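Novice: Given next are the chains, with one letter for each unit.
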Amino acid sequence: MSPLPFLLTLSSVLFAIGLFAVLSRRNAILILVGIELMLNAGNLNFIAFWRFSPHPDPVAAPVFVLFSIAVAAAEAAVGLAIILLLFRHTRTSRINQLNSLRG
Amino acid sequence: MSFLFILAPLILLSALGAAALARPVHAALMLALSLAFVAVLYIALGADFIGLVQFLVYIGAVAILIVFGLLLTRPADEAAEAARSLRTQLFGLFCALPVAIVLLNVVASSPELDRAATAPQNLSVAAMGISLFTTHAAAVLAVGVMLTAVLVGAAMMIRDTDPEDLP
Amino acid sequence: MSPASAPTFLETLPLLPQRLIGDALRSLGIPEAFAAAAETAVAAIIVFSLFAGMFALLSLIERKVLARVQNRPGPNRVGPCGILQPVADGIKMLTKEDVVPVSADRLLHFLAPVLIVIPSILALGVLPYGREWVPVPATLGLLFFFAVGAMTELSIFLAGWASGSKFPLLGAMRAIAQMVSYELPLILSATAVVMLSGTLSLPEIVEKQGGWTLGFLPAWNLFTPWGLVAGSIFFIAGIAEANRCPFDLPEGESEIVAGHMTEYSGFKYALFFMGEYLGLFALSSLGITLFLGGWQAPLPGLGFVPSYVWFFLKLAVVIFLFLWIRATFPRVRMDQLMRFAWMFLIPVALLNLPSAAVWHYAGGGLMGWLACGPFLVLPYLALTIHFNRKLAQSTRTYRFAE
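For the record, the sequence lines run as chains P, U and S. Using this note's numbering, the first residue of the first sequence is number 1, and each one after it goes up by one. Using this note's numbering, the first residue of the second sequence is number 1, and each one after it goes up by one. Using this note's numbering, the first residue of the third sequence is number 1, and each one after it goes up by one.
These are computed hints drawn from the structure, not numbers from a lab. Just so it is clear, the structure is predicted and the values come from calculations on it, not from any experiment. Beta carbons are placed, not taken as given, at the ideal position from N, Cα and C, and that holds for glycine. Some hints here could point you the wrong way.
Stated by the list, open to error - Coverage of chain U stretches by chain S, computed from C-beta distances (three or more under 8 Å per stretch; other residues unrestricted):
no.: 1; region: 4–18
no.: 2; region: 65–71
no.: 3; region: 93–105
As the list claims (entries may be wrong) - Some chain U residues near chain S, calculated using beta-carbon distances under 8 Å:
no.: 4; residue: D48
no.: 5; residue: F49
no.: 6; residue: V125
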């Protein structure tokens, strides 16, 4: 039996854990932590399919994962910049308190 | 494939720690640990280059950024996160569980997966480089532009309003 | 010395123990996998004990050299000329009380000094010390080096945060900001070498630097325009990565006690020093591998000397440079440090990449120098003139001290 289903199960659970982190956290930075976990679950799928299934292009999946890692790093940088800016203005990084636009 | 059965629980346990630990810094460190295990998994699956890049970028940059952000926004969050309400936890669980069930169901019901195994292959970095700068050249340029924009944008956002203008 | 000839006995001397043990295990009928693992373990033990010994020696030599520069005798009580000082220090460190602050996170406080030594040791494993002497010949050696190096920052953060005290936290934040900033020029300058060598494997990078230009000048990367620039940037960024003076702000004694190490005592404190010095060795060795031709001999006709002798001679010279700089320069200020990285080193390192490409397409030689020169000289002049003008115009204002 190929380990592909096992790897996909792993990445599904990892994705769900990430989603749980995103939805249950109040601290904006910890929400970022959950997003990173979800992105990793996606990357894991790419590598698993690259390793264990027939495909025309032997490097397409790793190249995609490389781009995804670059985007994840950029996203973390911008996200943190925004959070720090918010923190400077409001002295909090809890997203449920950032509701000054609420009518 | 025995490494899988060692690595998978480690990845999931540390990810759970990242999702559920009360102290923010602990959660961030668990995230780093989890990402490191995923990098080891990549290396074990034959994608050494991706694994090492994951290590370099996630441990060296993303995890550092996150803990740095936690330190800079410290005063408010320690108590807040510890006292987060049961309601949000339940809400998270309520949303995440169905997603997990659907995903697992999809994996379990796919008929293609079992007969899909091909000869394992190792990642050739040279082939990847050639592919990056020929087939995916446009994407590389786009990522380059994006990263530059991110660098400049983040720096501009965070810039101090009264710069200490000493060379 | 033609590559086809069998390596001499002296050349393979460092490999002797591992071969003996491997052969002995195989003759006992132990499976090949275990014999190979044992060989690797022996190779690792040799490299580690060698560098641990050099760490002990360097802790003495550093003090002796500093003392010589500052016109004082230095340690001279223990043994002849103070030669047993490292032993005395070791005993002192081992017998001191291990203090853990009440507010510390006990587990992480314990883990940090352990985690700080591991990456340096791992990085030492992939370096080619001699023609035959490569502990782990990894094809992605350079990437591996930087990937494990990324762990250092996280362990410094652990040390600072887990101590639960102000100075360590401030020191850790300084250290992380500094190391993240200086890792960029470090990696960018190494990228130029990767571009022109076409490989990430460190032994191959050294092989490519063999041969001579004009019959006497070694074909090291340092003796090309891009190599000169990249080598200088690598050296400067390496000083900052290793937290050495003049970039030793994370542990600046006069400002924040000892930075992230403030709350550590006894052997844990010694482990921090060990991690720092092993990191210094690893970075210097990488610099030698990338720019100074690794184990290649510096002059033609010296091929009869075992190659690893050249490697360690070069290492000694580079380490001495580090000590000399420490004894000479005052510590820089935090904002100067960050500005220097982001506004000078990184732009120059980025411009160095196209210049390496130009060198490749110009085919090297005089043409290469002429084509590369403007790429590097003009931005350098522009940047320095710009910064000097800024320096001349601004009258110095003191915000925090009068």
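Novice: Compare the structure with each hint and give your call.
Specialist: Cross-check of the supplied hints:
no.	hint	verdict
1	4–18	violated (count 0)
2	65–71	holds (count 3)
3	93–105	violated (count 0)
4	D48	6 Å, holds
5	F49	6 Å, holds
6	V125	7 Å, holds
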